[in-house]
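So the protein lines, in turn, are chains D and U.
Heads up, the first sequence is in the numbering used here, so the first residue is 1 and it goes up one at a time.
Heads up, the second sequence is in the numbering used here, so the first residue is 1 and it goes up one at a time.
Hints are computed from structural coordinates only; laboratory data are not their basis.
Quick caveat, the model's predicted, so the values are computed rather than measured.
Beta carbons: idealized from backbone N, C-alpha and C, even for Gly.
Warning: the hint list may mix true and false statements.
[What the hints assert, rightly or not] In silico contact screen, one side only, chain U against chain D (beta carbon under 8 Å); selected entries:
{"#": "1", "residue": "Leu-111"}
{"#": "2", "residue": "Gly-236"}
{"#": "3", "residue": "Arg-300"}
{"#": "4", "residue": "Ile-304"}
{"#": "5", "residue": "Leu-326"}
{"#": "6", "residue": "Ser-327"}
{"#": "7", "residue": "Leu-330"}
[As the list claims (entries may be wrong)] Under 10 Å between C-beta atoms, here's a sample of chain D residues computed to sit facing chain U:
{"#": "8", "residue": "Val-39"}
{"#": "9", "residue": "Glu-42"}
{"#": "10", "residue": "Lys-63"}
[Claimed, not checked] Straight line, CA to CA, 20 Å or less: simulated SDA-like cross-link-like pairs of lysine to any residue:
{"#": "11", "chain 1": "D", "residue 1": "Lys-63", "chain 2": "U", "residue 2": "Asn-179"}
{"#": "12", "chain 1": "D", "residue 1": "Lys-63", "chain 2": "U", "residue 2": "Ser-327"}
{"#": "13", "chain 1": "D", "residue 1": "Lys-63", "chain 2": "U", "residue 2": "Ala-245"}
{"#": "14", "chain 1": "U", "residue 1": "Lys-365", "chain 2": "U", "residue 2": "Gly-345"}
{"#": "15", "chain 1": "U", "residue 1": "Lys-270", "chain 2": "U", "residue 2": "Lys-365"}
{"#": "16", "chain 1": "D", "residue 1": "Lys-63", "chain 2": "U", "residue 2": "Arg-242"}
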Amino acid sequence: MSYPDDLRYSKEHEWVRAEDSHATIGITSFASDELGDIVFVELPEVGSSLAQFGTFGVVESVKAVSDLYAPISGTVAEVNEALRDAPELLNSDPFGQGWIARVELSDPSELDALMDAAGYAAETA
Amino acid sequence: MSEAPPAGPLLHTPLHDAHRELGARLVPFAGYEMPVQYSSIIDEHRTVRTTVGLFDLSHMGEIEVRGDEAVAFLRYALVSDPGALVIGQAQYSMACQEDGGIIDDLICYRLEDDRFWIVCNASNRAAVVSHLEALLARGDFGASIEDRSDRTALVAPQGPNAAALLAELTDVDLAAIGNYRSASGIVAGVQCLVARTGYTGEDGFELFCDARRARAVWDAVATAGEAHGLKPCGLGSRDTLRLEAGMPLYGNELTRDTNPFEVNLGRVVKLEKGEFSGRAALQSVQQTGPARKLIGLEMRENAIPRAGYPVQADGRTVGHVTSGTLSPTLGTKIAMALVPAELAGIGNAFEVVVRERPYRAEQVKLPFYKRPPD
C-alpha cells in the first residue's frame, strides 16, 4: 500500500499534514481498514491541549472501541464536525474529508519523530 | 465475545480455505479461526435483512442423542420438553445447572422417534457433553449420546431470498418446512439436514452435512446465490443481527450466573413435565419472580453502549449492559441490559455509563427489530 507523500505518520496510525504553525491530523487508511465500519467518533474539544502520543479521542467500529493517539503536541483549533453525523468518512476518505482536527503546534520539531510515507509503508507492510 | 479460547492452535472449519479465498478477516472464536467479516459488517448485516447472506457455522456443536429412552433422558437433561416435538420439529431450549444457572442455550431437533440432535454453542460444547454424560450415568437411561461436531458442517443461508435460492438446489419441498422444522434431503448433490432455523431474525435455513462435503454445499449455494444478491457473512454481522432481533448470546446475556426467567425465557422452562436438572431452583424463581430482568435500551444521547458498561438509574449503578451496538437497520444505538426486576418498565429512564460519563437511555420493547410479515 502507498500513502500520501506530503504527510508524516505515527506508529499508532495517525497522520499529520503540517502547514507552518498549524497541522491537520487524522487516522490512516491502514487504521480505518483494520477497524472496519467506523460508526462513532469522539472528538477532542476545541481549545484542549494534545500531548504527542497521548490519547485525544475515540473511534468506534461496529465491534471495537479504539483510542486516538495524537501524533503531535498542540492546541486544538478546529475539529471536523462532519464526523459527528458521518463517521464513515474515516473509512471512505481518511486522508481528506475524514480529517479529525486542526492543531496549533506547540513544538514543530516533534514532526521529526514521525515517519515519512515510505517509512510508514514499510511499517505497515 | 464468549469465553476465552482454549490454549493451543486454533481449529479450522472445513470451509477455512473458502474464507481465505474470499479475503475474510479471520479472528479467534471459541477455539476456531472464524471469519468476522468479508467486506463490511454493516453491508453484510443489510444483505441478510434485504436479500440473503451465507454463514459458515461449522464450529457449532452437534450432539446426537438416541435410544428407547431418548425422550425421557432429554426431558431430564434440558429445561424444555423435547417429548412434545413431532418428528421434524425443533425447539429452542437450555441446559441448566442444579442451581438454575444456564450451562448453554441450544436447539433440540427431533429427527426420528428415538433420535434427536442438540445443536449448541461451540464454546459450550464440552460443557454440554459432560452435562449429558453425567446425567446419563446418574439416571441409568436407555439412551446414548454421540458428539458429531467434528464431522458435521453447518452452512446457513439467511435472509428473505434464502428459500428461493435454496429451491434451485434441492427437491426438498421447502414450503412444507415451517419455522423450527427440518427435513432430510439432497442439496446440491449432498445429503443434508435442512432446517428452517437461524439466529438473524430473518427467514433462513441451516444446512447440516458431512464435513467432507461442506465445500460442495457452500460453493453451490454461493454460486446460485449470485442471482439472489447473496454475500458471505461473518460472525460480526451475525452478532448485530441477533442483537436487533433480541436474541440472547451465551457469554453475554446467558451465563451460569443467570437463569432463564431473568432473561425472559421462562416460557422455555416446562416445570410441569416432572423432574429435571435445575427444576427445584427454577420453580422457586418462577414462584418468587426473578430478581433481575433483561431489558432493551435505546440511547437518547450520542454514545454506543457496549457489553459490560454500567447501567444507572437516578445516578446509582443498578446493572450492566450485556450487549450493545449501533443498529445497522434502525440507525439507533441499542443495548440489552440486566437490571433489578422492580426497575424494569417500558419507557423507564436509565443511563449507560460510557467512558465514565452517563448517557441517557430509555427502556424499549424487545425485540428491537421484527421482520415484516411475508
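Notebook entry, point to check: Can the restraint linking Lys-63 (chain D) and Ala-245 (chain U) be considered satisfied, given a maximum Cα separation of 20 Å?
Noted result: Holds: Lys-63 (chain D) and Ala-245 (chain U) sit about 17 Å apart, inside 20 Å.
Item checked: Status of the hint placing Leu-326 (chain U) at chain D (closest C-beta pair under 8 Å) -> holds (4 Å)
Next item on the list: Report holds or violated for the interface hint on Lys-63 (chain D), using the least CB-CB distance to chain U and a cut-off of 10 Å.
Entry: holds (6 Å)
Next item on the list: Could you check if Ile-304 (chain U) really has its C-beta closer than 8 Å to a C-beta on chain D?
Entry: holds (5 Å)
Notebook entry, point to check: Would the stated hint for Val-39 (chain D) survive a check requiring a Cβ distance to chain U of less than 10 Å?
Noted result: holds (4 Å)
Checklist line | Hinted contact Glu-42 (chain D) with chain U - closest CB pair below 10 Å | finding: Where the cut-off is 10 Å and the nearest Cβ of chain U is about 8 Å from Glu-42 (chain D), the hint holds.
Check: Given the proposed pairing of Lys-63 (chain D) with Asn-179 (chain U), does the C-alpha separation stay at or below 20 Å?
Finding: violated (30 Å)
Margin query: Is the interface hint satisfied for Leu-111 (chain U)? The criterion is a beta-carbon contact with chain D at less than 8 Å.
Written below: violated (36 Å)
Note to self: Interface hint check: Gly-236 (chain U), Cβ to nearest Cβ on chain D, cutoff 8 Å. Holds or violated?
What the structure shows: Interface hint status for Gly-236 (chain U): holds (6 Å vs cutoff 8 Å).
Check: Can the restraint linking Lys-63 (chain D) and Ser-327 (chain U) be considered satisfied, given a maximum Cα separation of 20 Å?
Finding: holds (12 Å)
Next item on the list: Decide if the proposed pair is consistent with the structure: Lys-63 (chain D) and Arg-242 (chain U), CA atoms, cutoff 20 Å inclusive.
Entry: Answer holds: Lys-63 (chain D) to Arg-242 (chain U) is near 14 Å, not above 20 Å.
Check: Any CB of chain D closer than 8 Å to the CB of Leu-330 (chain U)?
Finding: It is violated, given that the least Cβ distance between Leu-330 (chain U) and chain D is near 13 Å, above 8 Å.
Taken one by one, the earlier hints fail for this structure at numbers 1, 3, 6, 7, 11, 15, listed in ascending order.
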